[in-house]
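Engineer: As a plain string of letters, each chain reads:
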Amino acid sequence: MQHFSDAPPPFFHRGPSPFARLALFGLLSLALLFTDSRYGYLEGIRSIVAIALHPLQRMVQIPGETLAWVAMYFTSQRELSEEVAALKQQVLAQGPATQGYGLLRDENAALRALLAIHARFANAATAAEVLYTGRDPFSKKIFLNRGTDAGIKAGEAVIDQFGVIGQVTRAFPQMAEVTLITDKDHAVPVKVERSGVRGVFFGAGAGRMPELRFMASSSDVRPGDKLYTSGLDGIYPADLAVAQVLSVERETGQMFSRILCTPTAGVDRTGYVLVLRQGEAQLPRPEEPVEADLPRKGTRAKGRRSG
Amino acid sequence: MTVAVPRKASPLAPTRPEEILRPINPWFIPLTFVIALLGNLLPLTGTAAMARPDFLALVILYWCIHEPRYVGVGIAWALGLVMDVADATVFGEHALAYAVLAYAAEYFRRRVLRFRRWQQAPQIALLLFICTVMVLLIRFVGGAPLPSWTYAVPPLVGALLWPLTSALLQWPQRPPAEL
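Residue numbers (the working numbering), protein chains in the order written: chain S, 1 to 307; chain D, 1001 to 1179.
I should point out that these hints are in silico values taken from the structure, not numbers from a laboratory. Don't take every hint at face value.
Have a look at the derived ranges for each label pair, beta carbon to beta carbon [to be verified]:
#1 S:Ile48 x D:Leu1164: 30 to 36 Å
#2 S:Gln99 x D:Ala1078: 56 to 62 Å
#3 D:Trp1149 x S:Asp106: 54 to 60 Å
These figures come from a predicted structure and were not determined experimentally. Glycine is no exception: its CB is placed at the ideal position from the N, C-alpha and C atoms.
Given only the sequences and the hints, what does the whole structure look like? Please build it.
Structural biologist: Structure (C-alpha cells):
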C-alpha cells in the first residue's frame, strides 16, 4: 500500500488552514476588544467606518420617507381640517402661559445678571431626526441624522417634546450616537418635583424598569411623583422632565428603598428630537484636595454619583 | 429545470442529481454583502426590530458554504468590524462572532450541502445560534445581564429565511432554462 502524506501537493496550495485563520482573527478580535473597551484608541477608525456607512444609512431611510410622503399626500381634507382645529385649540390653551414668557424671560435675565448667575438653559439647540435604533438588545442607543457638522458634540443632552431622552455619547460628522436614559450604564441626577429630594436615576437596560437608586428608606418619594433633572452634573440642564415614579418598595432589611420609574419622554419611539447645546455656563470643578497617602477612587464612579 | 428525484431517495444518497452551476461573477458577492448590510441597518422598531434576523450573518453563511474560495474567515471578520461600527458595540465583538461563524460554516459545509434547501434550515439555525452565543459570551465578559428569551428569535427567523436566501443568491448562477 502506498503511503500518501497529509499535506496537499503544492499546486493545490490554499494558504493557511481555516483553523489557523480562525486563530489569527480570533486573537486579533480579542486584542481589539481589549484595546477598545479599556483605552478607546480606536475612535478615529470608528468614525472613518461610520462615514463610509453613512450613505447606506441614508439609502435605507428612503423607502420609509417615501411611504410617509405618499401617506401624507393622500391624507384626506377632513383629517387635515380636524388637525388644524385641534392645533388651534392647543395654541389657545397654551396662550396664557406663553404670552407672558418674553417678559418673564427678560426679567429673569435681568435678575440673574444682577445676581451674577449663569444662564441655566443654553439657548441654542439642534433639531435632529432619529435615523435608526441600535440593533443590539443590550444597550439602549439611537442614532441621529446630525453630527459634528451641525455643531453637535459628545456629552450634549437630547430631549423630545415630553422630556429627556438621553445624551450624545459619540459624534460623527454626519451622525451622532445617543445613549438613552434607559441604558444600563446611564445615570441622570434628578430631583423630585414635589419634595425637592435629590437622587440619581439609573437606567437598567432592556426589559427592566429604570430605578431611582440609593434613596434612603426615609426619603420622601411617593408613587406618581415627577422627577426633573437637577442640573447638578453639568450635562443635563436643570428642570427637564425625566420620569415618573411608578412604585416605591420599602423593606425593613434593606438600606435603600426600591423605586421603579417610567421615563416621561418617548425613549422607545422614533421621531424628531432636540439636541441642547452645552452652554459654557458651567463653572469649573473646584480642585480636589490633594491627599498623597489616600488611594484615589475611580473617577467614573464619582462622576456618576455627583447628584 | 429542477430534476425530479424519486421520493424514496435518502437525503444522504450520494447519487442525488445536482445541477452544475455557472461560475460566479466575483462582483456579485460584495453586492450581496452591501444589500445584507442595508437589511441590518433598516430603521425598525418594536416587534419587527426584535425579530429581525442578522441578514449579514445569513449571507456570510451562504458564501462560506457555497464559495469557500472567495469568502472565508478573514472577510467575515472584516464585515464584523463594519457591523461593530453600525451597532455601536465594542470593536471585535461581531468580528469574532462572524469569524467563528465562517469557520463553523467551512467545517460543516460538506455536510450541509448534502441536504436540500429546506432540510438545511435546522443546521443553519444551529450555525446562527453559534454566532449569537459568541456575541452573548463576549457580552457576559463585559458584565452584561442575561437577555430575555426574545434573543433567540432572530436566529430562528434567519433559518426560516434560509431557503429563500439560498435560492435568491444562487439565481444568477442557474444554467439557462433551454439546456
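Engineer: Checking each numbered hint in turn, tell me which of them this model violates, lowest number first.
Structural biologist: none
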